[in-house]
Amino acid sequence: MTETPKAIAKDRAPLSGGGLRLIGYYWRRLTRNRLAVFGLAFIIFLALVAIIGPFFTPDPTEVDFEAKNLPPVGFTITHSTYDIKTDQFITTRVSGNWKHPLGTDRKGRDMLAMIVSGARVSLQVGLLATGIAIIIGTIIGVMSAYLGGWVDNALMRFTDVMMTFPFFLLLVLIVFIFGPSLAFIVLAIGLTGWTGTARMVRSESLSLRTREFVMAAKALGAGDGWVVFRHLIPNVISLIIVIATLSIPGVILAEAALSFIGLGDPTVPSWGIILEEGQHSLTTAWWVAVEPGIMLFLTVLAFNFLGDGLRDAFDPKSSV
Amino acid sequence: MRKSWLRDYIIKRLLYSIVIAWGILTITFILVRVGPSSPADKYLANLAAKGHDPAQVIAAIEARYGLDKPILQQYGEYMLNLLQGNWGWSLSTSMPVMELIKRHWIYSFQLILLSSLFAAVLGILIGIYSAVRQYTKTDYAFTFLSFIGISIPNFWLGVMLILIFSVKLGIFKTYYDTTLPLFSLANLKALVLPVITLGTGMLAAYVRYTRSAMLENLRKPFVVTARAKGLPEHVVIGKHVFRNALLPLVTIIMFDLGSIVFGGAYLTEIVFGIPGLGQVSFNAIFANDYPVVVAITLIGTLVVLLVNLTTDIIYTYLDPRIRYD
Chain A
1 MTETPKAIAK DRAPLSGGGL RLIGYYWRRL TRNRLAVFGL AFIIFLALVA IIGPFFTPDP
61 TEVDFEAKNL PPVGFTITHS TYDIKTDQFI TTRVSGNWKH PLGTDRKGRD MLAMIVSGAR
121 VSLQVGLLAT GIAIIIGTII GVMSAYLGGW VDNALMRFTD VMMTFPFFLL LVLIVFIFGP
181 SLAFIVLAIG LTGWTGTARM VRSESLSLRT REFVMAAKAL GAGDGWVVFR HLIPNVISLI
241 IVIATLSIPG VILAEAALSF IGLGDPTVPS WGIILEEGQH SLTTAWWVAV EPGIMLFLTV
301 LAFNFLGDGL RDAFDPKSSV
Chain B
1 MRKSWLRDYI IKRLLYSIVI AWGILTITFI LVRVGPSSPA DKYLANLAAK GHDPAQVIAA
61 IEARYGLDKP ILQQYGEYML NLLQGNWGWS LSTSMPVMEL IKRHWIYSFQ LILLSSLFAA
121 VLGILIGIYS AVRQYTKTDY AFTFLSFIGI SIPNFWLGVM LILIFSVKLG IFKTYYDTTL
181 PLFSLANLKA LVLPVITLGT GMLAAYVRYT RSAMLENLRK PFVVTARAKG LPEHVVIGKH
241 VFRNALLPLV TIIMFDLGSI VFGGAYLTEI VFGIPGLGQV SFNAIFANDY PVVVAITLIG
301 TLVVLLVNLT TDIIYTYLDP RIRYD
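Chains as they are written, first to last, in the working numbering: chain A, 1 to 320; chain B, 1 to 325.
Hints should not be assumed to be uniformly reliable.
Stated by the list, open to error - Here are the computed distance ranges between Cβ atoms for each label pair:
#, chain 1, residue 1, chain 2, residue 2, range
1, B, L318, A, L187, 38 to 44 Å
2, B, K189, A, A47, 52 to 58 Å
3, B, K12, A, G225, 35 to 41 Å
4, A, T86, B, M95, 34 to 40 Å
5, B, E77, A, I237, 29 to 35 Å
Unchecked claim - Just so you have them, the derived chain B footprint on chain A, three or more residues with Cβ under 8 Å:
#, region
6, 110-123
7, 168-179
8, 247-257
9, 271-285
10, 294-302
Derived by calculation from the structure, the hints in this document are not laboratory data.
We put the CB at the ideal spot given by N, CA and C, even for glycine.
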């Protein structure tokens with residue numbers, strides 16, 4: 001990428017700590033990455049769909065008996081039904097219509113409505129569980145680095161143990177034992193997914209702890225609380241944002257995978273639950289499995305693009 | 001000199017792994033004991049419906065499983081039993097859990113082995129190519145594709161492959177047949193779609209790891225030296241850069257086992273009906289077969305622990321520069 005010297009000078013990091021100017025600087029670096037912009041745009045779109053979508057779509061549990069297995073708009077399929085009077089199979093051609101733009105499933109539920117409410121579930125799970133994991137990870141990481149000694153040792157050995165568990169297998173075990181309610185699934189993901197954050201925050205904090213500005217603060221009589229909240233945490237915040245963005249897709253996928261193997265909350269139509277149902281009707285209604293999967297895929301892709309873009313934007317060494 | 005610290009280091013790592021294993025077993029014990037449901041639940045409704053006194057049934061089952069003993073004694077017996085290879089009794093299949101695992105682990109192993117080979121060979125080749133041609137159109141294309149490969153939910157990819165190849169095109173309609181030998185042609189054919197399903201995510205990850213490991217080494221001074229000596233480019237890349245990139249690469253790949261591969265294999269087995277441990281655990285969940293679900297999580301975790309330990313030790317042997325003190 002070629003730039004004029006003026007453009008480079010314009011987005012050099014400001015020397016004084018103007019928070020807004022710093023955010024503006026990172027924003028310009030981020031928006032130069034086209035994939036990250038696509039990711040961000042898709043996430044905003046998805047959030048809007050999840051928040052206001054349910055007001056415009058029918059109730060996802062509502063059943064339309066007249067239109068079972070209706071394909072999406074633009075597709076035509078042949079249904080074959082057995083007629084008991086004539087003892088013959090009757091084939092009828094069915095085309096999608098705008099009453100159900102994404103078609104219906106085998107019970108006659110509107111796919112668009114289910115996808116929209118699934119978006120709500122997936123985003124909620126993604127944000128809440130990641131939030132829990134990040135908070136636990138940050139507390140453990142900072143405590144470990146700052147207190148050192150036996151506390152550091154104990155916390156890091158515990159992290160090692162938790163890290164050895166294969167994430168998904170541990171999740172399956174916990175949800176199997178405690179039962180599949182959505183609140184519990186969120187909690188389980190949050191309580192198991194913090195290990196990576198704890199390690200990274202710890203090593204970052206360790207290197208920060210010996211830096212001059214922290215020593216200066218201590219020399220001036222700053223207490224532990226001040227150093228942690230005023231110096232350590234603000235300096236690991238960019239790292240935390242990147243970890244959070246890159247963890248969300250894993251969390252969303254974990255919930256979908258749990259639902260897919262029957263350990264999801266049966267009362268909530270998440271994408272994983274729709275997909276699980278669609279798997280069994282591949283021969284009659286392929287779109288039921290295709291649509292939630294595409295949404296899952298695009299969501300995960302968007303968060304990965306954004307996370308990668310954020311990492312580059314925050315990294316002073318990378319030339320964005 | 002080097003030998004003695006290496007031996008000390010290995011002993012230290014071994015002891016440390018034992019501590020971690022103890023932690024893993026303890027956490028699992030706590031989870032099972034804290035959980036709201038117990039092995040008694042499955043039979044309670046059944047027997048109560050036949051007119052048995054529920055309190056008596058609970059007491060009998062608790063006595064059978066030792067749940068009425070003090071918690072510390074239960075913990076001690078649990079540890080002792082696990083160490084002796086007595087992993088409990090599978091109610092739904094009527095055999096010891098160990099026997100069930102012995103019968104089924106090989107199918108998981110086969111799937112993971114073939115997928116890893118597929119992903120590692122292709123991933124490393126593409127990664128090297130991408131790094132050597134950095135910032136060309138092919139590099140961008142591969143980087144973009146690897147993003148897609150990482151983001152595709154693997155169980156959905158499996159369902160889509162079944163939809164396209166089995167349902168629409170009518171090829172690869174075979175199912176895994178346990179009566180045939182492991183590496184029979186029919187079973188290998190049945191594994192084509194599962195290997196692609198499990199391998200795609202791994203492949204994409206390996207492309208990214210290889211590319212960045214290669215790029216890191218490509219800029220080092222010894223590469224300039226090698227080129228200045230007049231060595232042909234394929235020797236520079238293959239011998240000098242790749243050899244140096246390989247070690248960190250192997251570590252990351254091994255590390256992925258617990259985080260990506262095992263979860264992916266679990267789901268892939270369920271989608272394609274491969275009778276490995278994932279499928280066994282899946283069936284046990286529906287049969288509420290407690291000891292099996294617990295045992296399979298434990299086995300997966302202990303394998304990760306063992307692989308991490310082995311990787312660590314091999315690493316120290318292979319790279320003479322490394323010293324852990």
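Tell me the hint numbers this structure goes against, listed in increasing order. Of the numbered hints given earlier, those the structure breaks are 2, 4, 5, 6, listed in rising order.
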